[in-house]
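S.K.: Position chains B, C, D, E and F relative to chain A; hints supplied.
Protein chains in written order, with our numbering: chain A, 1 to 248; chain B, 1 to 248; chain C, 1 to 248; chain D, 1 to 248; chain E, 1 to 248; chain F, 1 to 248.
It should be emphasised that the hints constitute simulated quantities derived from the structure, not laboratory data.
Being a predicted model, the structure only gives us computed values, none of them experimental.
Misleading hints may appear alongside valid ones.
Note: identical chains are not told apart, hence a pair may lie in one copy or across any two.
What the hints assert, rightly or not - Within a straight-line C-alpha distance of at most 25 angstroms, the following computed PhoX-like cross-link-like pairs (lysine-lysine) qualify:
hint : residue 1 : residue 2
1    : 209       : 179
2    : 76        : 241
3    : 241       : 179
4    : 182       : 209
5    : 182       : 241
6    : 241       : 209
There are 6 protein chains.
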Amino acid sequence: MPFLLSPIEAGPSLPRILVINPNATITFTEGMQRSLSPSPDIALDFYNPSYPAAPYSIEGVYDSVTSAAGCLEELKPQLGRWSGFVVACFSNHPLTEALRELTSSPVTSILSAPLLLASNLGSRVGILTTSPRWVPLLTHDIHALHLSPLCAAGVVSSGLSVLDLEHLPRERVMQTLTKMAKDELEVSRQADVIVLGCGGMVGLDREIKAVCREGMVVIDPVVAGVEVCGSLVRMRLQTGKLGIYAQS
Amino acid sequence: MPFLLSPIEAGPSLPRILVINPNATITFTEGMQRSLSPSPDIALDFYNPSYPAAPYSIEGVYDSVTSAAGCLEELKPQLGRWSGFVVACFSNHPLTEALRELTSSPVTSILSAPLLLASNLGSRVGILTTSPRWVPLLTHDIHALHLSPLCAAGVVSSGLSVLDLEHLPRERVMQTLTKMAKDELEVSRQADVIVLGCGGMVGLDREIKAVCREGMVVIDPVVAGVEVCGSLVRMRLQTGKLGIYAQS
Amino acid sequence: MPFLLSPIEAGPSLPRILVINPNATITFTEGMQRSLSPSPDIALDFYNPSYPAAPYSIEGVYDSVTSAAGCLEELKPQLGRWSGFVVACFSNHPLTEALRELTSSPVTSILSAPLLLASNLGSRVGILTTSPRWVPLLTHDIHALHLSPLCAAGVVSSGLSVLDLEHLPRERVMQTLTKMAKDELEVSRQADVIVLGCGGMVGLDREIKAVCREGMVVIDPVVAGVEVCGSLVRMRLQTGKLGIYAQS
Amino acid sequence: MPFLLSPIEAGPSLPRILVINPNATITFTEGMQRSLSPSPDIALDFYNPSYPAAPYSIEGVYDSVTSAAGCLEELKPQLGRWSGFVVACFSNHPLTEALRELTSSPVTSILSAPLLLASNLGSRVGILTTSPRWVPLLTHDIHALHLSPLCAAGVVSSGLSVLDLEHLPRERVMQTLTKMAKDELEVSRQADVIVLGCGGMVGLDREIKAVCREGMVVIDPVVAGVEVCGSLVRMRLQTGKLGIYAQS
Amino acid sequence: MPFLLSPIEAGPSLPRILVINPNATITFTEGMQRSLSPSPDIALDFYNPSYPAAPYSIEGVYDSVTSAAGCLEELKPQLGRWSGFVVACFSNHPLTEALRELTSSPVTSILSAPLLLASNLGSRVGILTTSPRWVPLLTHDIHALHLSPLCAAGVVSSGLSVLDLEHLPRERVMQTLTKMAKDELEVSRQADVIVLGCGGMVGLDREIKAVCREGMVVIDPVVAGVEVCGSLVRMRLQTGKLGIYAQS
Amino acid sequence: MPFLLSPIEAGPSLPRILVINPNATITFTEGMQRSLSPSPDIALDFYNPSYPAAPYSIEGVYDSVTSAAGCLEELKPQLGRWSGFVVACFSNHPLTEALRELTSSPVTSILSAPLLLASNLGSRVGILTTSPRWVPLLTHDIHALHLSPLCAAGVVSSGLSVLDLEHLPRERVMQTLTKMAKDELEVSRQADVIVLGCGGMVGLDREIKAVCREGMVVIDPVVAGVEVCGSLVRMRLQTGKLGIYAQS
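With the rest of the complex left out, here is chain A (with noise of 0.2 angstroms):
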């Protein structure tokens, strides 16, 4: 069943943002729903495909197309219905340019947005993801929205997949996140702004942050996509339609 319900269901008028877990993991996004706060003036609607229509994780180019078809072809009739939305994957998913050719509506990235948001508080931005194969990909994906250059502590994996922040034990994950952001990003790498880098990480960011030097920044990438669009939804902007998202 692939819709979920949002939690904030304030009066009718206010605009709706819709998450998209673009993965069929629904705790997935039940942790989404969880982490986001509750926004005075916009109301959020979660979202994921049913499997077999897309993966349960997201793991390359494979399972971005796959995922994307399946996410367009429920969501493509229905879309007049949200102000704004967040492609609530870690990476360049093809569903961002898709949604935004077929739709006026603004649509931002998990992966573009916090890196956005982090150029205003350091200059040493790293990303901790989650299995080796994400560094090629996301170092790729970066450079495509020429973001590279506010990526300069790079991309660090975690040696955990996707699933595994689901399926092994909580404390195995958080000492294996908080190691390498420490180690690896804080000690090796100068980072000074730490990406979480998987929207499986949703509402780790505190607990990672904690272990840090005074001072790092931890940005959960969720949270990051939903802010930048609701400033685009209350801004009143909308996709341009003179250039690349012209429909055709």
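M.R.: Okay, now just chains B, C, D, E and F, sitting in the frame of chain A:
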């Protein structure tokens, strides 16, 4: 008299952001105050330095240095009063980096914030600025901030000086700005997003959008700066203190 | 019915390359088949997906996702039949990366292959593509592939849509294409190599070269994609599996 | 005696490519001849200049200039005999650009050709070269050719000089090369493709691949140079004469 | 008392350059004066601002702004006395750009001048600076000046603060600096040119060179700044006034 | 007869710089000699190779190779006579790098030296060169030297060949050059600094400056090359021998 009151005196427990117009022209500050919508969860204060501690407009690096020194002398003793700061000069004004060193509260710039937001809305962002000299100055500043690839349509001068925005008849100002937006950015440079490139252009976005082809995006930089700062404040993110902004 | 007809039924021991036209327009696939010369040591098969599993032409990211998903559903079970693959859409089509993940046989793209070959022949390579929207799309894709410096004269739109190539009278198509090649690429942008920027332009290289000044180079992207794939097959090189294309 | 015969004396109507080893060490040329497989549709000739017109190995720019001048003096009068040229020195050897000026037949370089092919196979290509000095030299050359982003794992020195490849016992050579490929490129730098960085390493690719983890790609640069040149010849593409290679 | 006399009172007709130490530590200024050789055709004057108009050392952007404002207040009325200016702070100090706006006489920076000269002498230039915070600050500044590719070995901190150079025993200072030059720049980063990264390191180049391997180059930034300024003065070149340095 | 005497026979103890015009046109060398002012502390010698060891003008890479080989054959045995060298061809002439390998005395290029100096004077430097072919050649060379960002206004051809500078009536030469400087660089490209892009343009800077708007900067490349070399000689800096210029 440098201080202006906040238009939204919400409850005393709300976090407050200080919007700094770093030149001494109070009518610009008032324009910002008028154009910013009240936010339900953040209060705004407005400030500009007094003349001759700071110049009436900022036309280069010498003016920036004077302006930054003037603002810092007045603001430094009381920085603890705000949870966030917006430096409302459309440049890489040194006050931005200086404030990031002096306080942990996040600081945004009305140059970088609209470019960061715009990257979600189009792929050929262009800037409409004031006098011709701001073209090389902004080109330099945008490069220094690693944002050149997010501003593919470049910087266009309207030929108007900063103070022309204030002193010329509004009709003539709008005629000039809309012509350049249309002819130079939309048509010649194929921009799909236009960022207004001067704090003094606050509130002019809708009129400029109206002359462009349906689907053009026009961004008010002051509103963008306040929105991005608001996001950082809501996320309780602070300036990183382990790298470039460490206090010595 | 998606097709697989090999024009060159050489001995069964020859390695086979599959040329994939990822849209559903069979006449484009037939054009590719007609334009490719038989090779003495490699056999070619041709494929396109059926409608509506894939669109008749690809005009953006949404179409790419649909097209990739459609092709993958049909091809995935039988990938072991080929020693190499050519993705014959002039874009950074996600099928290219997805196939590199799914198989070890080399995969080339008709966007990158002609640019790689062109870098041996000149220093101001330009692309002649179809509708205006492909200009920002291809500019983005070429950057994502790190090939922008190998395409110094940039991308020029002919104003024709992909399907215009098929449906308009050939004379009018050629008039439009040759005019843009000559006026915009050769003269205005000083290109010394022109890459035809659409799979549907297969076989048009000689006519376009004929209108340019002696010494211009015009490259057919489909032939280029097949040649580069053939080189990789002959060298028995396979896709690397220790990094970005590792199977999860 | 500078000329070697072609190993494949196919019919006189076949196009011929000249493989130029631009140093005077004939055993390198013979190694190239042995390692290149006969092609059914293109004949290969091999050449190296005589000493002291050219040095026995090329260790920098002075050697390159001498080598290029020596080759050009001998070859210039007879360039019309070949349909393509391969400059088989792993550097941005000036002979490559000079030949492109002097003839319309395509010219490839064994530095750029394997990097171009490798970009289809992985995203972290690394080079294994000879003496330490070639690290800054090749880093410079690869940048000059706009290929740095296609060589993300950089250049590694084996510590062997070019002539060590010839004079040291083969076992010791292979021990040194395989150790560096494994330890420095595969493990430390996370390369997923290794390009052998010296014409004298022709034919060593399979042995080096054998020590790496399954899935590593190793490219022989001489074979790559010949394959890319063969593609250009088959496509009847010629060097562009309207720009950088115009004859004065 | 901010002014120091010129050591070389050549004839009154000689052009004069003002060397500006923009912090208030007079012993640094005196060190510069001692280390600069008399030139037969250009006279040198030396200046530093007084405390508290400027800080005793510059450790970031806030200090730079204060320092620039302090210097400009004292110097602005008398800029016509000099034919050239050297801003002797190893950073992109805003005084440099401000002076270029205020006068036509050429202005050089001791950050950019040694990097420009070094590009003639090697390909892996590295900088040895003071406290760790200067690493991200200088990395930013060098990028802003478009000089990153001329500084391939990057910036290394010695761990000493600017004032440590003055207050610690000289032996300990030299021990620390030579160790970092040798271990970090020469060995780890393979630098072939070392630029001393602080105005307070004036005159230390020979001692640092002495510990490195024969063939290392060590550049004194203050001498470099004066030499480049001298060249501009001798060539009668002035700051361009048609672009970024136009006076408003 | 390749050698010319030095115009300034100062005391024998003065360091001497050799200015190398690497083509065989002696009148260019004489023009350089006439245009360079005597320096009180450095003596200048002038050299050009003889024909046919080197061509009368350099119009590409083949000419550069011939020219470099011709110069090196004559100069190599006597390099110890000079404390510095200026390669007076406005290109990335291979003689520059070859000399840096062969000697420790500093070597400057009249392509890079004026760009380095210009970076102190403006932010949109442009080059006025000879024939159209030099536009792609110089664009390539400037990139190879990492100097593209210091040449933002790019390269403009005057349409004159190198030898036209010598053979056409001076009035016509100046008319052509001043028109291009004014119309193309000052007006169209908004250059604020113009570098004369040919050794044969030595001494023409003032006339070209005279036609431009007050505040334009025009740089003579030969004078710039000699000034930068003089700085290196005075600072007793030598070519680094631990990296790219190590002697093998």
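S.K.: Take the hints in turn and mark each one as holding or not.
M.R.: Hint by hint, here is what the structure shows:
Taking the shortest Cα distances, residue 209 and residue 179 sit within 25 angstroms of each other inside one copy (11 angstroms), while across copies they are farther apart (34 angstroms). Taking the shortest alpha-carbon separations for residue 76 and residue 241, only the intra-copy value of 18 angstroms comes in at or below 25 angstroms, while the best inter-copy value is 35 angstroms. Taking CA atoms no more than 25 angstroms apart as the test, residue 241 paired with residue 179 passes between copies only; the shortest distance there is 20 angstroms, against 45 angstroms inside one copy. Taking the shortest alpha-carbon separations for residue 182 and residue 209, only the intra-copy value of 9 angstroms comes in at or below 25 angstroms, while the best inter-copy value is 36 angstroms.
For the homomeric pair residue 182 and residue 241, the shortest alpha-carbon distance between copies (15 angstroms) is at most 25 angstroms, but the shortest distance inside one copy (43 angstroms) is not. In the homo-oligomer, the alpha carbons of residue 241 and residue 209 lie at most 25 angstroms apart only across protomers (13 angstroms), although the nearest pairing inside one protomer, at 40 angstroms, exceeds that limit.
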